[in-house]
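**Student:** If you read the protein sequences in the order shown, they are chains R and H.
Counting from 1, position 287 in the first sequence corresponds to residue 287 in my numbering; the numbering is continuous, with no gaps.
Counting from 1, position 139 in the second sequence corresponds to residue 1139 in my numbering; the numbering is continuous, with no gaps.
The set of hints was computed from the structure by calculation and includes no laboratory data.
The structure displayed is predicted, hence computed values, not measured ones.
Some hints here could point you the wrong way.
Label pairs and their calculated CB-CB ranges [as the list claims (entries may be wrong)]:
| # | chain 1 | residue 1 | chain 2 | residue 2 | range |
| --- | --- | --- | --- | --- | --- |
| 1 | R | Ser28 | H | Pro1141 | 44 to 50 Å |
| 2 | R | His261 | H | Ala1023 | 53 to 59 Å |
| 3 | R | Pro215 | H | Ala1023 | 17 to 23 Å |
| 4 | H | Arg1289 | R | Asp96 | 50 to 56 Å |
| 5 | R | Pro215 | H | Ala1192 | 56 to 62 Å |
| 6 | H | Trp1112 | R | Asp111 | 20 to 26 Å |
| 7 | R | Gly22 | H | Ala1187 | 21 to 27 Å |
| 8 | R | Asp96 | H | Ser1233 | 44 to 50 Å |
Glycine included, C-beta positions come from ideal geometry on N, C-alpha and C.
Number of protein chains: 2
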Amino acid sequence: VLTVTLNAALDLTYQVDGLRPGASHRVSSVHAQAGGKGINVARVLASLGHSVTITGLVAGSVGVEIRGELEAAGLRDELIDVDGQSRRTVTVVDGDDATVFNEPGDGLRLDWPDVRRRIGALIEPDAIVVASGSLPAAAPPDAYAQLVRDVHERGGRIIVDTAGPALLDAASAGADLLKPNDEELLAATGGADALAGSTLLLALGAGAVAVSLGPDGLMIVRADEVVTARPASFVNGNPTGAGDAAVAALALALEDDLPMHEAARRAVALSAAAVAHPLAGHVDQRVHRELLTRQTIEGEAR
Amino acid sequence: VLTVTLNAALDLTYQVDGLRPGASHRVSSVHAQAGGKGINVARVLASLGHSVTITGLVAGSVGVEIRGELEAAGLRDELIDVDGQSRRTVTVVDGDDATVFNEPGDGLRLDWPDVRRRIGALIEPDAIVVASGSLPAAAPPDAYAQLVRDVHERGGRIIVDTAGPALLDAASAGADLLKPNDEELLAATGGADALAGSTLLLALGAGAVAVSLGPDGLMIVRADEVVTARPASFVNGNPTGAGDAAVAALALALEDDLPMHEAARRAVALSAAAVAHPLAGHVDQRVHRELLTRQTIEGEAR
């Protein structure tokens, strides 16, 4: 599996005791981790023992920190250095509450044809490619559509997890699987519900659509079939990165040509196990094992 | 002037629109600047056209960012690279409200005798040395006292701006001028008021004590004289770095052997001009010029 994170970030998590707007806070602990949705996907895959390559864009001293953390975590990184500065995110955790500050992704300066060529060189035949997250301001709006075509030319398959016009573009280019959440799906397609929105993406050209529904699980829609999987019990925790864990499971299912109900089941179990872990890109292995045996699956032919 | 910042930081300022605990925020603008009190002092001195050298400790990729920003700002840096990682501070600005998150200063690993020798090599005869801020966990508790002795051995004079036991240590070592704020002074000395606390620091061995009093200005206490200067009008703005601007003015006054009432007058004007500027380490030059002519000075012999 090759994950592509065009808008990689340095994710900082600060523990504080009582967040009060207007006050000065002593941070009691700092956790710095390479982030961005594709990197979270790769981290989950590696934690399950799978081989994964990380590519995407990094820049400046924040990029040095991103690569340094990946190296320390033992993750193989083929990130591409461009000019400018990578973005950071800061999550302030106060007890169970998380307050998030996302730097804008406008700090990169890049030569897109060169970046596209270098990513293309990393795509092996039969590759499963995962492209996740927003596009940096410096990338062309159809960057994911170009990537879909490049993957298909090389004989691979691609999952795209993004929002807005880039989601529609990836569908039109024929992405094998799209993974929006329900809000992103309705906003991008204007569909009345998740099934209608997914049907529109299929009509544009997508092979399949997996819609993450938060605590309600996941729905996978194809031309001939709809499957919904939901966790048997509510899992409390940090939902950041839950969608990325679902994508990790979907990438493995695509690689092994698993049937849709099995793909959905595994995606929901891994996603809930990510919620149970306090850090994005990590899963609680005990919750994972437990949920793999205890889920509700509904499926129907269309 | 040589400024010493043993706990240098990368100061990040995020503009957001409506800070809500528990929510996710898009940061509309990011400002990254080398910080720590000594670096703020140096930045103010440089903005006034004075030659200044910055030393202190930096580490890791955050240290690279700190040095990169200083270079981009045209500030001469003789910072010492040590192991570990420098700290960051994040200030979230929402309209007039600033919410601050300070990473702990426990990320540095260092060989103090080597650091002390390298700082010593930067102290020229007749130097004015400014040592500001908290000590990193890895420095010895009497690091500022050692620095005071090193400066005096080389024929220089030193201003120390710190709090807690380090303030008392610097006094005992005979620092030429201490610059606590009133809260720090009362907390460290247990004095009933600023005059009593300052008198205790003089008794320990300090040459003079300048106490910053927030909007009430500054009091300088020596064995034979007390001078208070206050701004003629209240200045609205960001008080972060106001004390550092006062120290910058005091360093220049010490260098030129100005009388105390003149030192206090200039320190209050520069401090208020720093409040009028939104960023720490910067001064509003118009406010500075205006306030230099419009202050209230009170002095008395003791």
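**Student:** Hint by hint, say whether it matches the structure.
**Tutor:** Verification of the hints:
no.	hint	result
1	R:Ser28 - H:Pro1141: 44 to 50 Å	violated (21 Å)
2	R:His261 - H:Ala1023: 53 to 59 Å	violated (36 Å)
3	R:Pro215 - H:Ala1023: 17 to 23 Å	holds (19 Å)
4	H:Arg1289 - R:Asp96: 50 to 56 Å	holds (51 Å)
5	R:Pro215 - H:Ala1192: 56 to 62 Å	holds (59 Å)
6	H:Trp1112 - R:Asp111: 20 to 26 Å	violated (46 Å)
7	R:Gly22 - H:Ala1187: 21 to 27 Å	holds (22 Å)
8	R:Asp96 - H:Ser1233: 44 to 50 Å	holds (46 Å)
The structure fails to meet hints 1, 2, 6 from the earlier list, while all remaining hints are met.
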